[in-house]
Amino acid sequence: MFRLDILIVALGFISNVFCALSSAEEENGNGRYFIEGRVFPAEDQDPTNWQVDTRVHVNGGEYIGFIKDDGSFVIHNVLTGSYVVEIVHPDYFYEPIRVEINSKGKYRARKVNYIQTSQIIQVPYPLRMKVMSKIRYFQVREQWRLTDFLFNPMVIMMVLPLLLIMILPKMMNDPDTKEDFKQISNMAKMSEFPEMSEMFTSLFSKGSAKVNAKPKQVKKRQ
Amino acid sequence: MCIYEDQIGKFDWRQTYVGRIKFAQFDTVSTAKRIIVATEENVLAALNLKTGQVVWRHVFESASSGNIQLLHVGEKITTVTGSNPYLVRGWDSASGVLMWEWTLALQNDQQAVYSEWWVQNNKLVHLLPVIGSHLEVTMYNLLTGSNRGATSKLPAVWNNDGCVLTAPYYTCVSGNMGSQILLSLDVTSNVIQIISKPLSNFINLKESIGGNLRPLDNSVVPGFIVDDKKVLLIKENSFEAVGKELVDEMASATVIDGGNEQVLLQTWQDDEKGFQLTAYSISTNSEVTEIQCSDPTMSIPEAEFLAVMCSRKAKEQYACRLLVNAADDALHLMQQGGRSLWTREEALANVVTAEFVDLPVSDTEAAIESEFDQKEGSVWSAFSRRLHTQYTQLQNLIRNLQGQSAPEDSTNALVRDYFNLHKIMVLITEAGKKLHALVLLDEDETVQVFPISAAPLVENLYMYVAEKETGKVQGYALKYNGVSVEAQRTWSVQLGGPGPAQIVAVATRSRLERVRSPGRALADRSVLYKYSNPNLVLFVVEKPDPTHKEVVTAVVLDAVTGALLGASSHRRARALPLAVHADNCFAYLYRSEKHRRLEIATLELYEGQERWLEPDVAFSSFASDRAPAVERQAYILPATAAAAAFTITERSLADRHVLLGLTTGAVIEIPWAYLEARRGLTGGDEALLPYTPELPLPSEASLNYNRTVERVRGVLTAPAGLESTSLVLVTGLDLFYTRVAPSKTFDLLKDDFDYYLITIVLGALIVATYSTKYFASRKMLKLAWK
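Taken in sequence, the protein lines are chains A and B.
Mapped onto the UniProt record's numbering, the consecutive letters of the first sequence carry residue numbers 1 to 222.
Mapped onto the UniProt record's numbering, the consecutive letters of the second sequence carry residue numbers 1 to 786.
Hints were generated in silico from the structure; no laboratory data involved.
Glycine included, each C-beta is placed from N, C-alpha and C at the ideal position.
Take every hint as true, because none was put in to throw you off.
Stretch by stretch, here's where chain A covers chain B in the computed footprint (C-beta under 8 Å, at least three residues):
| id | region |
| --- | --- |
| 1 | 54-62 |
| 2 | 93-99 |
| 3 | 634-643 |
| 4 | 753-764 |
Extracted from the complex, chain A is given alone in its bound form:
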């Protein structure tokens, strides 16, 4: 990988020199120039066929370039002016670069800055377009976590009364308050669902004895 990098850098350097020497040659007679560069795919991209899905758009599709096997591209027949070169791939994001060709045929490549248009950060020409990131189109579904489950309002609703009913009386060992608390809870039970309880207990116990016994118990105590 390291060796390859050196090679690419060297190639880039050589072509840079070449361009500097032969800026006049890039013109093909009609006052037309070409923009050239090279696209480097992401490491996880399919190495055989990524070139077909990747396109080079100049000024949002005014000129369209295609990528050769080795990743290089040339946009032909470009007039002097300022162009935004972007690499379009459905899954990967590349940073766009502005290329300016002046009337003498000199090239300048720089970072695109739409807000501070006078700020110039130069980048090497011929262009070297590298993947910035894989585009994330989707929201990530939340993973199931125990804490999420415990703090779910429904679970809290279930657990909290349980705590109140079961643990609170045990914690309060004082017999008087215990008695009071029981009375209160009995009252609450009585008023809230007496019919439902009767219905269910009769359903489940299949006998009327308990049903009759229970209210009696409660009444006795009161």
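Put chain B on the given structure of chain A with help from the hints.
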């Protein structure tokens, strides 16, 4: 606004197209069976021979620089694109990767349009005919573009504009009427050999006009048709007439190589007999019946052979693949005997506009609705009807539970669903018809109504006519005077001030649009009332300016009275044909030449803190003479847009978002809160975002994730039956459909709603309640016994 990964394809679909086919060839070299096509839409694609699906596709520039002039499929694919300068490219047919590329500029720019190209012996041949003078032939090395130096000029004074090229022969009819001569020349041979024969040898000149040549469509032997009748082939430097004449004048004809004999194929559309295909062996002068077809049920208007491939098996049976292009842009692949293998409706790559049409309600739903319609009848009959409908509903329910769908025939299958999300889309393509009552206004200000019976319906109708090139807008009031409809000019405006201006974009309100609220609440609990005029029209005008090059002006007019209600202008800018309008909001795009970026500007009209009209009073353009307050703002769009639309919901209760189709193929959803003209206003209004110059375009806002839509042309929206949801259709080279929920799906359970959890929790709660009760009572019993 964003979707989850598991929702791919749940609400959306995409169909890919390539456009009307211009050139096609079978790829016989590579092992994968494919058809390589080049289209009028400047697309190069490989189609799977068996299914017709796109294997790979390259989309060239939509301007003339992307026009495909030549497609040649050999070992590699060669294309010539553009219009002086041309680009010659070579592609690998299996993968579609670019192999070589060189550019070619012709010196003679004006004549360049008459250029003809073909590939011969690994050389690209360029023929430039100069009428009445000579032919220029240049051969280039296909891979590098080097041309051994020379352009050969062949003298040809007989060259005229009726000549045809059937590579490498260039054929003309020359001479005076009645004594025309047929001349043909192999332009690539080193020795100039002109084949010349009197035309009367082949056709009776007294019967026909004489001299109309038409080349055979993609024939294996160079050949042409004279006067839509006689088929002539060029073999061994002489003309050879085919024994059989063309059956139909309109027929498309080609010659194929079927093993040891050559076969002339013809196809045409007969008004009565339908699709016709005939095959005729040239050497044996007999019909080849197994290829022929006559099918009255099939209709392929103006069928034209794009590519034909035939092979003969051992049993002396033909196996053919015929690729046929039709006038309705459909592409058909047929085999011998006319059996269609697949069809591609390429007209859909050219959708002009679309309408969403509601489906009819199902029979049971209709029965329920009819109950409420019938006001008469006794209580008992209504009751029995109710019982009956509920019985059928119960039947349906049981059937559904059993896993069978209701017994439906094909027409019944298209019924409205509960939320009215399923709709029929009527797409109008470039070759289409529109059937509506039409009102036309002539140049001389007379009115025509189609159909005429609709004329009495014209009442209180106002029209405006905008002259695109001059920027002049005129308003008319249309009235029916008992006999005919008259137009009276009521107002006239020159947009963008005096002098010529060009109207680039016009935005009117969607007829599906409703207004939800008369105003918006501010932080100090007062109400800012909106200016809700239904007759507003936004014009975006571009005008040359002496000091600022071009000035873009946006003008809001009342289309009924012509009153100017709001305007905004941008110096050194070029307008884009993108503008949208809904309620009191306007948005339009322009390219700022000064900063070399795209900007989106928004306008909002407000009445102010006090309401002009009483509530429930309908707005009238004539009644109000007050000008609304105009809020303006502009934002940088860090992308190039090709289409724009507002989302529309049933009652406009949900938020309004702007959908932008970008040239990268993405469709981006931007909430209006980001574009709001009042954004950044100080005064403690919590609902407003602080102003930032550049609009954020997060990738999650892309509606079509990585299913990009090539060359977006339009974004169309329609409301669904659900208030939260708006249906979106993106047209372009591809079609993409999805639905969006601008305010999230507030009226629907989330699609990942956890039914199990809620059931388990409820069940556990009930169990816990009664078990604790049981244990408590047992404990109390024990206590009582103590």
